[in-house]
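Participant: Chains as they are written, first to last, in this note's numbering: chain A, 1 to 251; chain B, 1001 to 1257.
If you're looking for bench data, these hints aren't it; they were derived computationally from the structure.
Ideal Cβ placement from N, Cα and C applies to all residues, glycine included.
Misleading hints may appear alongside valid ones.
As the list claims (entries may be wrong) - To give an idea of the interface, some chain B residues facing chain A are shown, with a C-beta separation under 7 angstroms as derived from the structure:
hint, residue
1, C1012
2, I1059
3, F1091
Said to hold, decoys possible - Label pairs and their calculated CB-CB ranges:
hint, chain 1, residue 1, chain 2, residue 2, range
4, B, K1036, A, L29, 19 to 25 angstroms
5, A, S218, B, A1181, 32 to 38 angstroms
6, B, D1104, A, P27, 21 to 27 angstroms
7, B, A1143, A, I129, 18 to 24 angstroms
Claimed, not checked - Result set (DSBU-like, lysine-lysine): computed pairs, CA atoms no more than 30 angstroms apart in a straight line:
hint, chain 1, residue 1, chain 2, residue 2
8, B, K1124, B, K1140
9, B, K1009, B, K1063
10, A, K46, B, K1140
11, B, K1009, B, K1084
12, B, K1063, A, K7
13, B, K1230, B, K1009
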Amino acid sequence: MWNRANKYLSDVGYHVVLLASALRYLPSLPRQMNRVGLYCFEMGYKTFPIVAILSFFIGAVLALQTGFALQQVGAESFIGSIVGLSLCRELAPVMTAFLLSGRVGSATTAELASMKVYQEIDALQTMNISPVRILVMPRLVAAFLITPPLTMFSIFIGWFGGMVVSKFVNFISLSPTIYWRGMMDFLTQDDVTDGLIKGQIFGLFVVLIACAQGLNTSGGPREIGFSVTRSVVISMIFILFTDYFITQALL
Amino acid sequence: MSTLVSDKKSVCVDAEEVGIRFGDTQVISDVSFSVKEGEIFVIMGPSGSGKSVLLRSVIGLLKPTSGRVLIGGLDASDRQTHEKIKTGLVFQAGALFNSMSVFDNLAFYPREHRLAKESDIREKVEQALEMLSLKEAANKIPAELSGGMKKRVAIARSLVMEPQLLLYDEPTSELDPTMAATISEVIGTLREELNVTSIVVSHDRDLAESISDRMILLKRGTIRASGTAKEVMGSDSEEIEEFFRPEIDVENPRFRR
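Please work from the sequences and hints to get the whole structure.
Facilitator: Pasting the structure below:
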């Protein structure tokens, strides 16, 4: 029991130290803009299509479920507000972070774990090149920059999915004008901003966890797979766990 | 050739009563040796004797549990020492950057540290490639190379760093005899032409005999013999045979259920 608690605390400590080390290397950012650009491209471009598909169907299902319940009491006009608020305050940031964890986090962990196992990280250290400076810090900056646009994109596509279902499903048949008006009546700028902040925090920590798990890999090639699984599981638990507290703080 | 010669002098290395422990296992016990400037020093021993662990403490990747290693009088476990004294390590498996071409692997160190203009870096890399007969492999990625070529690329990458101290971890392991002879020739040539201090970790007796100025024999983390190759190998051939005999009986192996 004590050993597990000790291990847990040392893991948390490792993540904190890694974040602090990465922040220490921020002054070298101007020299590393190429790497940041590359990681932004990888995170954004590769996650973009899957975010679009998922967000569309989340918005569509949300509209379908709420539409079915609300049409029984004649309150279909509220579908837009429910879909709008749910997506931008909660579903879009959480789902984007989940996708980032599965798509980018797992690839990052696999790459860094493989570099660790095959001694590439050791080689960097013998060259007096900090792995944190060239492998972790640019990725964190890229995650910080790319998560808000990804989340925003997810919100828009989700809203659009909700609108399509509201218009074309027979038992709802809500005109797009009423759908958008209902949404705009209830939605404030703060709702969108809060969602983007939440997405940015999740994205940053998903990448931090992925880097930490990769760099903390030891042993043989089998460990690479274990590290990837651990990275995704820890990220998802982290997202759901901190979601509550971030939401409370932003309310 | 000239641009690969460091403007700094080669350095001496002193290990003083080095002990390294992992948990309850004592891997290295009270190991002391000194390597003179420009010397080729071989650390030899069977698998699991702690050679590579000792090498990692020299390069500063591992801090000894007791004792210390000094490079040019400075503590090897202090990262700043390796900023002052250029130290290269040729890893056993090469440890090449798999996502880069051979050329970019070699150019990585000077580019990251902004040591020279891009044209000078290219010139230096081309010289290192030529020195190790790797010109045709420049645009290949490490996955496309043979074991021997990977070792040569790893040596070339260290050369571009203009090291004052060059460490080799099992440079001839997994190589056929011809390639092993080529690598040992390369190590000797580098010392002659660049006067770099070299520490070679190996369990290859032929390599040790052909290139070493002095050597130590390591078994179970302690020094069993030291001196020139002639002194160590010729002292008592039976003892040396015993030293390299596997610890399992290969004639009658027993397997635990």
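Participant: If a hint holds in the structure, say so; if it doesn't, say that too.
Facilitator: Now the hints, each set against the structure:
1. C1012: violated (19 angstroms)
2. I1059: holds (5 angstroms)
3. F1091: Result: holds, 5 angstroms to nearest chain A Cβ.
4. B/K1036 / A/L29: 19 to 25 angstroms: The hint (19 to 25 angstroms, Cβ to Cβ) is violated, given that B/K1036 and A/L29 are roughly 44 angstroms apart.
5. A/S218 / B/A1181: 32 to 38 angstroms: holds (35 angstroms)
6. B/D1104 / A/P27: 21 to 27 angstroms: holds (25 angstroms)
7. B/A1143 / A/I129: 18 to 24 angstroms: holds (22 angstroms)
8. B/K1124 / B/K1140: holds (18 angstroms)
9. B/K1009 / B/K1063: holds (25 angstroms)
10. A/K46 / B/K1140: holds (27 angstroms)
11. B/K1009 / B/K1084: holds (12 angstroms)
12. B/K1063 / A/K7: holds (22 angstroms)
13. B/K1230 / B/K1009: holds (28 angstroms)
Checked against the numbered hints above, the structure violates hints 1 and 4; every other hint is satisfied.
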